[in-house]
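**Student:** Next come the chains, spelled out residue by residue.
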Amino acid sequence: MYPFKYQKAATVRGAVSLLGKAEDPKLLAGGHTLIPTMKQRLASPKTLVDLSGAGLSGIEQKGRNIVIGAMTTHAEVAASPIVQQAIPALAQLAGHIGDPHVRHRGTIGGSVANNDPAADYPAALMALGATVHTSKRKIPAEEFFAGMFATALDEDEVITKIAFPVPAKAAYVKFPNPASRYAIVGVFVAKKGSQVKVAVTGAGSGGVFRHTAMEEALAKRFNPKSLEGVGTPAADLNGDIHASADYRAHLVGVIAKRAVAAAIA
Amino acid sequence: MPTVTLTVNGRSVTADVDARTLLVQMLRENLHLTGTHVGCDTSQCGACVVHVDGKAVKSCTTFAVQCQGTEVVTIEGLAQDGKLHPMQEAFREHHGLQCGFCTPGMIMAAVDIVNRKGAVDEATIREELEGNICRCTGYHNIVKAVEAGAQAMTGKAPARQAAE
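Going down the list, the protein sequences come from chains W and D.
For the first sequence, numbering that gives the first Met the number 0 begins at 0 and goes up steadily by one.
For the second sequence, numbering that gives the first Met the number 0 begins at 0 and goes up steadily by one.
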C-alpha cells in the first residue's frame with residue numbers, strides 16, 4: 000500500500016476541519032473496506048483521518064427512534080438490548096455481517112458511507128425509513144444512497160449518527176455468498192401502520208433499491224402469498240460469476256417471501 | 000514516523016512505525032512475535048487474529064497506529080507460568096491441528112468465543128468460526144477442541160440448543 004499521513008480527530012468538528020485542510024484525505028472508521036482497498040491500491044489517499052476518538056459510538060432510544068452513532072460496531076449493534084428489543088431485525092442483520100472479527104471493527108457509518116451494492120445496512124436504512132445525521136444536515140435514506148458506491152455526502156461531510164424509526168414488524172433475510180457473506184440478494188421488509196417498505200440489496204446494478212411492486216402487493220395484505228406473481232425485472236440487476244441477473248431476479252422473489260414470513264412469525 | 004505505544008501480552012512496548020504498518024507487521028517484524036500468522040492478507044482467513052482490548056480482530060486489517068494505547072494479546076500471551084492455556088491444551092488433546100498454520104488464529108478466536116458466549120455447543124462453534132479458515136480442512140477436530148476448551152475454561156457443559 001502507498002504511504003499516507005495518519006491523523007486522529009478528537010471531535011467531529013476537528014474531523015471536518017482536517018478534511019478541509021489535509022491533502023487528499025479519506026475518513027477511517029473501522030477500516031474493514033478501506034484497508035483492503037488500499038492494499039489493492041484501488042484507493043491511495045494521502046491522508047487518513049481516524050474517527051475512532053471523535054465520540055461517535057453509542058446506541059440510544061429517542062422517542063420512537065433508535066439512534067446509533069456512526070462509529071458503533073456491528074458487534075455492538077448485534078448485542079445491544081435496546082436494538083434487540085425495538086428492532087430485532089436490525090440486530091440480527093448486524094450479527095450476520097462478515098464474521099465475528101470483522102464485526103468487532105466494522106462500523107455502521109463506514110458501511111453506509113461506502114454504499115457497497117452488496118452491503119446489508121443500506122437495505123435496513125431504506126426499508127425502515129432511517130435518517131442519516133451528518134456534520135451539516137439530516138439526510139433521508141431515500142436521498143442518501145446515490146448509486147453503486149455513491150452517496151449524497153459532500154467531500155467535507157461526516158456521518159455522525161443514524162436514526163431508525165421503530166417499525167411494527169420487520170425482518171431481513173439474505174442469501175449470502177458462501178465465502179464472503181456479502182449478500183447475493185438481501186431483502187429487508189418493514190411494516191409501520193399501513194405502509195410497507197421492501198428494500199433489496201446485493202442485486203441492483205445501482206445499489207440498494209425499493210421494490211414498489213412488492214410494497215403495493217404487501218400493503219393490501221402483509222403475507223408471503225401476496226407476493227406470488229409479483230416479478231422483478233432482471234434488466235436492472237447485476238450479473239456476475241456468483242449469480243446471473245435472471246437468477247438474482249428469481250432470488251429476490253424467494254427471499255422477499257421468506258422475509259415477510261419471518262416478519263409475521 | 001508515528002510512535003505507537005501499546006501493551007502486548009502485559010508488557011508495554013513502543014515502536015516507531017510507518018502509518019501504513021499493519022498491526023500484524025508490528026507484532027511480527029518489530030516485536031518478533033511470529034506466532035501471529037499472515038495467511039490471506041485479505042481479511043478472510045483469520046490466521047492473524049489477536050485480541051485488542053479483549054476483542055478478537057484481524058490484525059492484517061488494522062493499522063498499528065489505530066491500536067495506540069490498547070492492550071493486545073497474541074498467542075504468545077496465553078500460556079501462564081509455563082502452563083498452556085486451557086484452550087491450547089484442548090487443541091493438543093483433541094489434535095485440533097494438522098499443519099498448524101491456522102492454529103494461532105483459531106485458538107485466539109476460540110478464546111474470544113468463550114469470553115463472549117461461555118460454554119458453547121457444536122452448532123454455535125461452527126457458526127462462530129466463520130472467520131477462520133483451515134487450509135487442511137481439519138475442522139472436525141478443531142470444533143471438538145473448542146468445545147472441550149470451552150468446558151475447561153468455564154467449568155460447564157455446553158448449553159444445548161432447544162432443537163437438539
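Since the hints were derived computationally from the structure, they do not count as laboratory data.
Some hints could be false.
Subject to a maximum C-alpha distance of 25 Å in a straight line, what follows is the list of computed PhoX-like cross-link-like pairs (lysine-lysine) [as the list claims (entries may be wrong)]:
1. 135/W <-> 25/W
2. 82/D <-> 143/D
3. 7/W <-> 155/D
4. 191/W <-> 219/W
5. 38/W <-> 82/D
6. 20/W <-> 7/W
Quick caveat: nothing in here was measured; it's all calculated off a predicted structure.
**Student:** Against each hint, give a clear statement of whether it holds in the structure.
**Tutor:** Here is what the structure says about each hint:
{"no.": "1", "hint": "135/W <-> 25/W", "result": "holds (18 Å)"}
{"no.": "2", "hint": "82/D <-> 143/D", "result": "holds (21 Å)"}
{"no.": "3", "hint": "7/W <-> 155/D", "result": "violated (43 Å)"}
{"no.": "4", "hint": "191/W <-> 219/W", "result": "holds (13 Å)"}
{"no.": "5", "hint": "38/W <-> 82/D", "result": "violated (38 Å)"}
{"no.": "6", "hint": "20/W <-> 7/W", "result": "holds (14 Å)"}
Hints 3 and 5 from the earlier list are contradicted by this structure; the remaining hints agree with it.
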